[in-house]
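Protein chains in written order, with numbering that gives the first Met the number 0: chain A, 0 to 408; chain B, 0 to 391; chain C, 0 to 282.
Since the hints were derived computationally from the structure, they do not count as laboratory data.
Given the structure is predicted, the values throughout are model-derived calculations rather than measurements.
Heads up, a few of these hints could be off.
Said to hold, decoys possible - Derived lysine-lysine pairs resembling DSS-like cross-links, with alpha carbons at most 25 Å apart:
id	chain 1	residue 1	chain 2	residue 2
1	A	221	C	47
2	C	71	A	264
3	A	403	A	264
4	A	116	A	264
5	A	396	C	71
6	A	403	C	99
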Amino acid sequence: MTDRQPSGEELARLQALMAVPLSRRRLLQRAAGLGALAVIAPAAAACGTAASPSPASSPSPTAAPQPSASAGASTPAAPTAQPTPQPKPEAELFVYNYADYIGDTTIADFEAKYGVKVTYDFFDTYDTMTAKIADGHSGYDVTFVTSVDVPGFFKNGLVQPLDLALIPNRANLAAEWANPGYDPDNAHSMPYMWWTTGVAYDSARVSGEPTSWKTLWDPAYKGHLAMLDDYRETFAAALIQLGFSANTVSDTELDAALALLQQQKPLLRTYTADDIGALASGDVWVCHAWAADARQAMAERPTIKYYLPEEGAIRGSDTMVLLAGAQHPIAAQLFIDFMLDASVSAANTNKTGYMGPNEAARTFIDPSILSDPTLNPGEAAIAKLQELLDLGPDLAKYHDRWSKLRAGA
Amino acid sequence: MEAATNAVPEIRLRDLTKQFREVLAVDHVNLEIRTGEFFSLLGPSGCGKTTTLRMMGGLEAPTSGTVEIRGNDVTRQPPERRPVNTVFQNYALFPHLNVFENVAFGLRRRHETKDEIRRRVGDALALVRLTGLDTRSPDRLSGGQQQRVALARALVCQPMVLLLDEPLGALDLKLRKQLQVELKRIQREVGITFVYVTHDQEEALTLSDRIAVMRAGQVEQLGSPEELYDRPRNRFVAGFIGTTNILDGEVVSVSQDRSVVRLGTGELCPGPGRAPAAGQPVELAIRPEAIELRAMPGGAERASSLGGSPDGGASALRGNIEQSAYLGTGISYIVRTVGGQLVTVLCTRPADRFDTGDLVELAWEPASALVLAPTDEPGQAAAQSKTDAQEA
Amino acid sequence: MMRGRLREGALLFPGISWLFVFFAAPLAIIFVVSLGQRDAYGGAVLDKGLSFANYLRALEPSFLPTVANSLKYATATTLLAIGISYPIAYWISRHGGRRKGLLLILVMLPFWTSWVIRTYAWMIILRDNGVLNGVLQATGITHDPLILLNTDFAVVLGMTYGFLPFSILPLYVSIDRVDVSVVAAARDLYSSPGQAFRHVTLPLTMPGVIAASLLTFIPAIGDFVTPDILGGAQTTTIAKVIQSLFLSARDWPFGAALGFLLILATVIGTVSTLRILRAEVIG
Ligand SMILES: Nc1ncnc2c1ncn2[C@@H]1O[C@H](COP(=O)(O)OP(=O)(O)OP(=O)(O)O)[C@@H](O)[C@H]1O
Ligand SMILES: [Mg+2]
Numbered sequence: 000m001t002d003r004q005p006s007g008e009e010l011a012r013l014q015a016l017m018a019v020p021l022s023r024r025r026l027l028q029r030a031a032g033l034g035a036l037a038v039i040a041p042a043a044a045a046c047g048t049a050a051s052p053s054p055a056s057s058p059s060p061t062a063a064p065q066p067s068a069s070a071g072a073s074t075p076a077a078p079t080a081q082p083t084p085q086p087k088p089e090a091e092l093f094v095y096n097y098a099d100y101i102g103d104t105t106i107a108d109f110e111a112k113y114g115v116k117v118t119y120d121f122f123d124t125y126d127t128m129t130a131k132i133a134d135g136h137s138g139y140d141v142t143f144v145t146s147v148d149v150p151g152f153f154k155n156g157l158v159q160p161l162d163l164a165l166i167p168n169r170a171n172l173a174a175e176w177a178n179p180g181y182d183p184d185n186a187h188s189m190p191y192m193w194w195t196t197g198v199a200y201d202s203a204r205v206s207g208e209p210t211s212w213k214t215l216w217d218p219a220y221k222g223h224l225a226m227l228d229d230y231r232e233t234f235a236a237a238l239i240q241l242g243f244s245a246n247t248v249s250d251t252e253l254d255a256a257l258a259l260l261q262q263q264k265p266l267l268r269t270y271t272a273d274d275i276g277a278l279a280s281g282d283v284w285v286c287h288a289w290a291a292d293a294r295q296a297m298a299e300r301p302t303i304k305y306y307l308p309e310e311g312a313i314r315g316s317d318t319m320v321l322l323a324g325a326q327h328p329i330a331a332q333l334f335i336d337f338m339l340d341a342s343v344s345a346a347n348t349n350k351t352g353y354m355g356p357n358e359a360a361r362t363f364i365d366p367s368i369l370s371d372p373t374l375n376p377g378e379a380a381i382a383k384l385q386e387l388l389d390l391g392p393d394l395a396k397y398h399d400r401w402s403k404l405r406a407g408a
Numbered sequence: 000m001e002a003a004t005n006a007v008p009e010i011r012l013r014d015l016t017k018q019f020r021e022v023l024a025v026d027h028v029n030l031e032i033r034t035g036e037f038f039s040l041l042g043p044s045g046c047g048k049t050t051t052l053r054m055m056g057g058l059e060a061p062t063s064g065t066v067e068i069r070g071n072d073v074t075r076q077p078p079e080r081r082p083v084n085t086v087f088q089n090y091a092l093f094p095h096l097n098v099f100e101n102v103a104f105g106l107r108r109r110h111e112t113k114d115e116i117r118r119r120v121g122d123a124l125a126l127v128r129l130t131g132l133d134t135r136s137p138d139r140l141s142g143g144q145q146q147r148v149a150l151a152r153a154l155v156c157q158p159m160v161l162l163l164d165e166p167l168g169a170l171d172l173k174l175r176k177q178l179q180v181e182l183k184r185i186q187r188e189v190g191i192t193f194v195y196v197t198h199d200q201e202e203a204l205t206l207s208d209r210i211a212v213m214r215a216g217q218v219e220q221l222g223s224p225e226e227l228y229d230r231p232r233n234r235f236v237a238g239f240i241g242t243t244n245i246l247d248g249e250v251v252s253v254s255q256d257r258s259v260v261r262l263g264t265g266e267l268c269p270g271p272g273r274a275p276a277a278g279q280p281v282e283l284a285i286r287p288e289a290i291e292l293r294a295m296p297g298g299a300e301r302a303s304s305l306g307g308s309p310d311g312g313a314s315a316l317r318g319n320i321e322q323s324a325y326l327g328t329g330i331s332y333i334v335r336t337v338g339g340q341l342v343t344v345l346c347t348r349p350a351d352r353f354d355t356g357d358l359v360e361l362a363w364e365p366a367s368a369l370v371l372a373p374t375d376e377p378g379q380a381a382a383q384s385k386t387d388a389q390e391a
Numbered sequence: 000m001m002r003g004r005l006r007e008g009a010l011l012f013p014g015i016s017w018l019f020v021f022f023a024a025p026l027a028i029i030f031v032v033s034l035g036q037r038d039a040y041g042g043a044v045l046d047k048g049l050s051f052a053n054y055l056r057a058l059e060p061s062f063l064p065t066v067a068n069s070l071k072y073a074t075a076t077t078l079l080a081i082g083i084s085y086p087i088a089y090w091i092s093r094h095g096g097r098r099k100g101l102l103l104i105l106v107m108l109p110f111w112t113s114w115v116i117r118t119y120a121w122m123i124i125l126r127d128n129g130v131l132n133g134v135l136q137a138t139g140i141t142h143d144p145l146i147l148l149n150t151d152f153a154v155v156l157g158m159t160y161g162f163l164p165f166s167i168l169p170l171y172v173s174i175d176r177v178d179v180s181v182v183a184a185a186r187d188l189y190s191s192p193g194q195a196f197r198h199v200t201l202p203l204t205m206p207g208v209i210a211a212s213l214l215t216f217i218p219a220i221g222d223f224v225t226p227d228i229l230g231g232a233q234t235t236t237i238a239k240v241i242q243s244l245f246l247s248a249r250d251w252p253f254g255a256a257l258g259f260l261l262i263l264a265t266v267i268g269t270v271s272t273l274r275i276l277r278a279e280v281i282g
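Bound conformation, chain A alone (with noise of 0.2 Å):
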């Protein structure tokens, strides 16, 4: 992602570029998918997939598979299967993540704190990571996926069930985060941080205080317009508009959004995967965006601004998970219970700019972040937001109209 990069936009941008398809929300099905790998050994591929129960053609949230079904299937009978009352952790701990997604001083606390040497690794895109560790044997013990991928990681086995006796701290997360659709009783991830998609707009360009999914469909903007190049997003951004669920699998419903997205399609000048260039290089006027994109192309351009719609818009969050094949699994959990620890969540959420789901946290958040609407929506707006869920094979439904979009005259 692009809005994790270190060192300046346009570094940012290239590397962006350089990963085509970055949309963060397309490299995580590619992930989920890793089942593809598979296509030299089909027979492999098949196998995986008789094992798991489908998840049916229900898209209810309960796409998530229940840890106790699988969990004997597919770990390996790892220590943390049974609570450690006195846990020792390990010398070593190796943590993979996106760079600049952390505190300043937050590995160095930890390691102070347990006597643990950490060697914290960056990826620069998603693909890399999941390239990394889809054979099991990265040698890391954490890294960070995002919510809507974990059903799929823990059926291909790639992570392990949590022991959440290890992970006291989890107190400290805020109630809609304690028990979420993708990740019931938080099993097998904790969250980390979450982020919105929603409007973009430059206010020098368009006129009025717009609130509607509506203006990304205005003729006045003509050549202006752009969305996501991320079919998900892009078809919640149409299901939202007409009061549908951003994880439908209606034909009906998923047939209307198509239209709607065909009208809109002459009106837009670009698909992007490069929101922030798109809007701060003041191309694109109204731009389908995520929020933390959204505000660093303010920093470039400050006629920028950024709402949720009033019809609901996408929330999205990244999760820390404990990988298959850890050597390190103790050091690993009190990792990630010390990342939940009300002040180190702060600490990174005052660094990256991103909320956590910390509901602890928040006295010790810089004020300027959280009266900041576009990364911190309030209550209203939040209640609107829906989260993308793992739809199983019903997501072909979504690619298929996806592509007669794009590829529609």
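With chain A held as given, fit chains B and C with the ligands onto it using these hints.
Then chains B and C with the ligands, alone, in the frame of chain A:
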């Protein structure tokens, strides 16, 4: 030089000069080429023959000077507008066109009718004896056939002047001889002016009405083959045209019809009456066939005295036969004189047969020895040729 | 006889195995995958029966506009690339003198920089507040910024620029091989410079033109990145659809079917073009 003085020359070059960066390829050349003649530019490699020819054809722009064709200044005219055609050194046939289309190329550019093209290409191919090869591709022709196609391609356009750049250079000796004859025949048949570039003196002598001998971008001497052969102006021309003995010496005495020259080796020999004053250095040129060999009494003994009386009839150098070669038309001997000078002699009379080591006397008519201009500097020769051109 | 055959076979072996490893084998894998089905998590499943169902989907008319886009961009790119490269290659060959090699390297130099940086440079030039619009407005040619980025124009520009080396090199080689005296002969035979070019230089460099066209057209047909980055909502190419099927939809069998059809069409098109051109050149 004698006739055609009043007629407008077919081609006239005035002070024609071409400078390629640091190379002065052609240096103030003045030439007049007469209508209908077979004119040759003869000279060693790199002397500027091709460049001179290309400037006539318009393929190279002169640095200075002018080119006139039949009195019209064509210096600024592009090649396609000049009434001349070229046979290139390497033929330069169009590899993507067959024989017929190669020959028809110029006619098509001039928008001749289909029938006219067919007729004239047929005639041209007949003229060069290539009838029937119309559809061949050039890369499936022998060297001689390619040469003929190049010739036909140029002739079919009926130019006023045909420019030929060493057209036979790439062929073997036998084929070259054969094609020389044909070229001459064709020239007679079509009756146009040929300007022929070659570095082969024999070819030039055989074919040409007149020859310009070039050296380092300048014309050293201009004349008929006989003039060049018999009266080369300097050592360069003498050496370039035919085989010649060149003897360096000093004039001892000059009389009415003869002179006596002392060679560098100390030996005395006869020279012509028209010679520099006594005491002056001189270069004598004597053709091998002008020398007569006489057997000396004493058989195979080694000649030991600087014999020959300077005033007694034909002077006589003495020496021993060093080498002999049978040439068919005669025998060529190399004689080493007593003083050590090597002299080539060509005997055409079968009676005179000598063996290696034989002691012989060398004799020649004083008038057959030629006094060469005392210099080899190209600049002066050019100044000379310029004067010639103005005289003409 | 047998022995000759064997030796011939041995000589062909490296070429054939190269073709096999780098062309036939991947193509075969693509074909096999294209007969399979997609499973829930994006795997290609082959043991549930093979079928041509994906090909039926691929032939749906909804993909036609992207095929048309691809053809449009590849054709325009090829024509432009040849039109630009030919004079450059010609000039270097005829007037480069001793510095031909250096000039060729200089022409290629921009292409040694990262593709990303070059493309980004085009974005800077073409955007609404970019260099080109700046110049157009400063000179009073336009008043409001033109939309240049994210258009067909930008795609063709980016592709042409990107594929220029592929056309310059073969053209240079074939132009350099044309004997200048053959051109001089044409001039001598009453051709203007233009006629000499049309009747001699061009036919003789036709193999280079064909090679350059193929080397430009084929990668241009498969280019999904340039249309994606310099293009916009209306510039989707078939290659982009295929890429997205593989990477984001995880529908490998369908992507493979579309990809296989694209390769097949390209190969057939290429071979028949070569046939026609060869017949025309040989006559
Ligand atoms: N295009 C050119 N650029 C630079 N120098 C040239 C060029 N063409 C000829 N020269 C030089 O000019 C001089 C005369 O060349 P030219 O080709 O006229 O000689 P030539 O008498 O035809 O020689 P040859 O018998 O070898 O064909 C040579 O020194 C040659 O190197
Ligand atoms: Mg020459």
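Structure-based check of each hint:
no.: 1; hint: A:221 to C:47; in the structure: violated (47 Å)
no.: 2; hint: C:71 to A:264; in the structure: holds (20 Å)
no.: 3; hint: A:403 to A:264; in the structure: holds (12 Å)
no.: 4; hint: A:116 to A:264; in the structure: violated (52 Å)
no.: 5; hint: A:396 to C:71; in the structure: violated (30 Å)
no.: 6; hint: A:403 to C:99; in the structure: violated (50 Å)
When the structure is compared with the earlier hints, violations turn up for hints 1, 4, 5 and 6 and for no others.
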